[in-house]
Amino acid sequence: MSEFADPYSERPFTLAVPDVELELLRKRLDLVRLPDELDGAAWHYGAARADVARLVAHWRGGFDWRAREAAINALPMFVRGVEVEGFGTLEVHYVHRRSGVEGAIPLLFVHGWPGSFLEARKLLPLLTAGSPEYPSFHVVAVSLPGFGFSEAPKKPGFAGPQYAEVFNKLMLALGYDEYVYQGGDWGHMIGVHAVHIYGHKHIKAWLTNLPIYRDPTLFTYPVYYLQKLALPITTRFNDRARIDYEKTKEWYKRGTGYYSEQATEPQTVGYSLADSPVGLLAWIYEKLVTWTDHYPWTDDEVLEWISVYWFSRAGPAAASRVYYEMTGGYAYEYWKGSERTSVPLGASYFPAELTRPPKQWLNMLGKVVFQSEHDRGGHFAAFEQPELLAGDLRKMFGKGGPAYGVVPGKDGYN
Amino acid sequence: MTNWAKPFTLAVPDADVDLLRAKLELATLPHELDGAGWKYGAPLADIQRLAEYWKSTFDWRKAERSINELPQFTTDIEVDGFGSLNIHFLHQKSEVENAIPLLFVHGWPGHFLEVRKMLPYLTAGSPDHPAFHVVAPSLPGFGFSEAPSKPGFAGPQYAETFNKLMVSLGYDEYVYQGGDLGHIVGIYVANLYGHKHLKGWLSNMPMYRVPTVFSNPLIFLKLLTYPFNKSLRDQLTVANRFRTGEMGYFMVQATVPQTLGYSLADSPVGLLAWIYEKLHKAVGNYPWTEDEVLEWISIYWFSRAGPGANVRMYYELTGGNSHDLFEGTRWTSVPLGFAWFPQEPVRFPRSWAYLLGKVVFESEHEAGGHFAAFEQPEALAGDLRKMFGRGGPAYGVVPGKDGYQV
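Those protein sequences? They're chains H and X, same order as listed.
For the first sequence, numbering that gives the first Met the number 0 begins at 0 and goes up steadily by one.
For the second sequence, numbering that gives the first Met the number 0 begins at 0 and goes up steadily by one.
Don't read these hints as lab results, they were simulated from the structure.
Warning: the hint list may mix true and false statements.
Which bits of chain H does chain X cover? Going by a derived footprint, with three or more residues having C-beta under 8 Å, they are [said to hold, decoys possible]:
| hint | region |
| --- | --- |
| 1 | 259 to 269 |
| 2 | 281 to 290 |
| 3 | 322 to 330 |
Covered stretches of chain X (in silico footprint by chain H; criterion: 3 or more residues with CB under 8 Å from a CB of chain H, positions within the stretch not fixed) [to be verified]:
| hint | region |
| --- | --- |
| 4 | 15 to 27 |
| 5 | 31 to 45 |
| 6 | 87 to 97 |
| 7 | 147 to 153 |
| 8 | 255 to 263 |
| 9 | 311 to 325 |
Note that the coordinates shown come from a computational prediction; the quantities given were computed from them, not determined experimentally.
Ideal placement from N, C-alpha and C gives every residue a C-beta, glycine not left out.
Just chain X, same shape as in the assembly (with noise of 0.2 Å):
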């Protein structure tokens, strides 16, 4: 087993922040429709409120002396015609040392802190469930890992730097939790690396191929029955308002995400505004602290590629904008689970989740939105023991590391 990995302590220097603190100073915010609230985007108090608590209060050196009490560490990761890039990622064993080997990936616009609050629920030793070895990387162009610097770094490539960076841990066969676009990773990770890496893994947002007459003619059928079946139009209706009212982020980012990178990078309150709008809406009403925000969207200013970098994943995984988010990846039967939560705004009929793999677990929860880690993360930690767990439905699938003390 070798692992050169080396430890990272996250020091971001002070000239970057006293840059951060200029140009809060300058910033100007733009007049705002009476009574326009969030209608046509993040309202402009809460821009103030934030932007304001970001100039004068928010401490981030506090913020990231707190970050730096878990576990980092960075890994050269070489990347088949991408040279070596250097990963960031986030690594807590757990005292059980048959605890199952889990590799969490955060999605768009999340990062890797989003495993935080899971960490002591899975990193747990109990005879009443199981343990994980917990790895959170931070993927290639966000958070503290280096960006790739050629065009064409997508689905697979995403893949195999995580899986390598597994192997390379010596956790040989491992399972996967993500959600967001570490949901359409996961898809490549179960394509590429499935059964002889990925022994299973979950996902919190249920999203899959939209059946076609020629690749799911009994489902295509059932569609053809839409305007008369309530139920699945109910479903598809959410679906769908996401995908006309929600997907401005999604088309700008898969089409001209350079476009957009120069003000993201460029203005605070930009990208502040770019994020938080997402934060607001995708969660199922979490009670934000202004410190939760600022320190989220202060690993996107000062992430090591600059905020500009991550927004070009969209383009790169859907060879902008020409294909879909799951080109080349078919069903596999990797054991898969969905967690369900209500606020999730990318919501697929559940009747379809087969279509991805090999479904065999399933959770529904009352609370929780699109960042489930962060926001429900008892919730989703309990359905990673539930799932993994003695009499779950993928109870040992790695072998030799099944989560409990000998």
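So that you can see chain H by itself, here it is in the shape it has in the complex (with noise of 0.2 Å):
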């Protein structure tokens, strides 16, 4: 890059992954030494050793990453410096795809762990498109700072707040002063922070597909207390209700050790992804396959989504700091230091996301004006279900939507 070139403009980005790294990942694959499995384990233990063994000799021999390259920079991909006050600048990663439509609602995109921004790729086309029947959006889809082709902070404490400064600086050098969020995972529980910060000004709407907040206290929410409280019994009168809190329960116990691990000893667990290919396989695809309702991952889909891993800028130990940093180590919540605001929430609920509080705990968060329920689909849900997503977004900020022309002279029509 010439050394006159200014930093914070945009330039395109194409991704090439050096053959040299390919030739060495190849010999790792080539000397990969895999563990023993208990007999009828299936997926009891953790990611099935068939399952495993199949994908590793598939990355070794069949799976071209060349061809997923190419299609991959067939998205528009651009880099760009961004400043974070305490971190210098960043170079930030990014997918942009305008709407045909003049007047489409700017939309930022929020990738989590184990994902990233191609999470977004099959919402574009939807969200893109125009019509006098929805509403059309300019889409921009981030890598997370330390994920994807984004670079990572290289102190410690980048938190809620400077993602937040990312995502808004980012937005604002596109000419996007106003925009919609949308997010799910970190996504979501990083966009709480960003709506406390940049509510109303910048941030006009959003749609989690996470819906989730903080648990209610005595004090703070006396009757959701209350309710909570009542859970082990109220629910046995309701189905759903039941369902929901015994998989919200489930997960708490069985399903966040990657969380208490990766809060607490990010870097501990990073030698492990950074040095093996094999073992950042399994403790990403292992989530692949138990974070969703029953997607069916071709290995193609899996290796690539590993690959952006394994080859991602900041390499595979980076992206698990963020799970340090929101927490302060495990000492608090990721929403500590947010609040609630009355910036138009929207929920999607998919029947398979891990945790399922009661609904209406989320008012504890913002001003609810959308809810959708879904019979299908779960953790991932735009990779997932991409058009009952996209469908959601539509509803909330198409016309008769409650959040309707949220962003003043671009409410998505022509």
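Hey, can you piece these two chains together into the complex? The hints should help.
What follows is the structure, encoded as structure tokens:
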């Protein structure tokens, strides 16, 4: 890059993993040593050996990274420097697809872990399409700092406000002074901070597909608190509520190992993720299977997903740090420092989502103007059920919808 | 007395040693945040230094030769419902014929060699202190013991394995020392074989079931005074800090050990970091040398069942984190001792110790942590001598074997 080039200007981004990286990966895959497995373990103890072994074999043999890379490069991708107070300038990677509709609504899509910007891929044609029946969007899908092809912060303390600052500065740089937001996983959990800091002024409304927030306490929300205490009894009388309650309890008991480790010792697990392709594969693939609603993963889809982590700009270990930074090393919850706002909030409920607290509790987060309940789909909603999620965005922001026209002059129609 | 044990010589195949070196040559280390220190996990500088040493300087064959100076054996133990498991163990007899048979059980991420430095103290004969015949097995799935091949190998099975091991060696009655998971296994041995076979035991990890209003109403009531009771609050704060800040490994190993196993089996630096982090944090300023660390990690890397097998123990002991480590166990009157080391990270309030068993011995030390046998061998051996020696609270618990020359 020329020393005279402006680091803050937008540059097109072409993904081009060096040949030497591909060769190194192949050498490592050749030396793979797999663990044993208990008879009949299936998926009870983690990612099943037969599946992992098959994926490793495909990764060595049939998986064509260059073909996947070329397809990714068909997306309109860019990088630009974004200054973050106290952290210097970070080069941020994003997809930016504009709609043909001039007055389309600017939308920022934010992924989580172990996701990536590619989760927006299937949404792009749906969201940017123009029609008199539904609104259109200009879509920006950013790679979180430390993920995908965005640079990682170099110092400790990069948390909610810093991620939000990156998002807002990026949108402003693209000319989107006012915009809407969609996220799940960390996209939601960071969104909570983004909306708190930039809500109304810049973020006019948002839709989450991970509709969670804090637990009610006696002093903050006494009615919800009493409801919480009564859950073991009240859920007996409602099948759906009981399923949700059991699922949530099960999640906290048996599903949060990765969270606990990454929130306390991300560097320790990072050595494995950076050094072992099969270690990284298993760590992520286990979530791809257990967090989705019977999504029929192809081996190529899985390996492309893992490859984005393996070949990420900051390396595979960097992404795990978000858990530590957002929780102060597990000293507090991710939402600390945020507050309820009156920014219009929408919630998309997918049945296989990992934790499903009572819907009313979302009122603690914001002014809920839109809710939709689906009968299929899980944690990676944008990837698993793009039509449903895009449909929610269209309903929420379209004519007659509760957040129609929130961005002045950009209602999404011609 | 039947003893089918066969002598064991550790001899890692050349191909395995070569594979390790080949992987270390390709090792890629991650970046680290500026000034991270130990906050985010094992620091890059430490892992870099250790990985380099492992690749270029560490002499595994030399370590192996030294390990083979210790008397090691294997024997087949039939475990109900699990078939036969080939169990590796160290067995050092004392010259004192009536030495007390002692079963030493390691934990995670420990191994049978944790007993090594205590051997001279334990087996030495003297009129001033008792002597012990020492048996130190590798837990099934660890070190050089076979791993179980089916799900469900839990507390009772570990206890059964070791009780049968001792009985097969002619030690129908014995005493026990353990910490970490060795403490947990000890609870099961006391429950299932207490008095009949296990005559007394010493633990260096004070951990027991948290009192509830149903199990221990008086202590539970005392817990309600928690906000106002500084001493109890301090003790619980220590226990709590471990629970929230240090339990990542536990949660992963208790719920998705297979997922973790791919990393540990495939990446030497991954395994190194995962274990070394504990070696550093759980001790009382122990001055680890590179050789000590790498010998320790190598035993995991070259373990018979592979590095992915041992972490399954957390899943099996907790039913995949569906219950605690004490499932199915109760208070027993088997004489119990506790050795308190200041840097042991798992420290439950001392006043609850009697909830676990009949506490007849307690000792408090000025130095040492989680790996007490390795860090403070003289101190821990001293506790065993005091507890089981003449004038001690568990003297003569094994009939005819009081540990002294006749």
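Going through the hints against the structure:
1. 259 to 269: holds (count 11)
2. 281 to 290: The restraint on the region 281 to 290 of chain H holds, since 3 of its residues have a Cβ under 8 Å from chain X and three suffice.
3. 322 to 330: With 4 residues closer than 8 Å to chain X, the region 322 to 330 of chain H meets the three-residue bar; holds.
4. 15 to 27: It holds: at least three residues are needed, and the region 15 to 27 of chain X offers 6 whose Cβ sits within less than 8 Å of chain H.
5. 31 to 45: holds (count 11)
6. 87 to 97: It is violated, with 0 qualifying residues against the three required.
7. 147 to 153: holds (count 4)
8. 255 to 263: Coverage by chain H holds here, the residue count being 9 at a Cβ distance below 8 Å.
9. 311 to 325: Holds, because 5 residues of the region 311 to 325 of chain X bring their Cβ atoms closer than 8 Å to Cβ atoms of chain H.
Hint 6 from the earlier list is the only one contradicted by this structure; the remaining hints agree with it.
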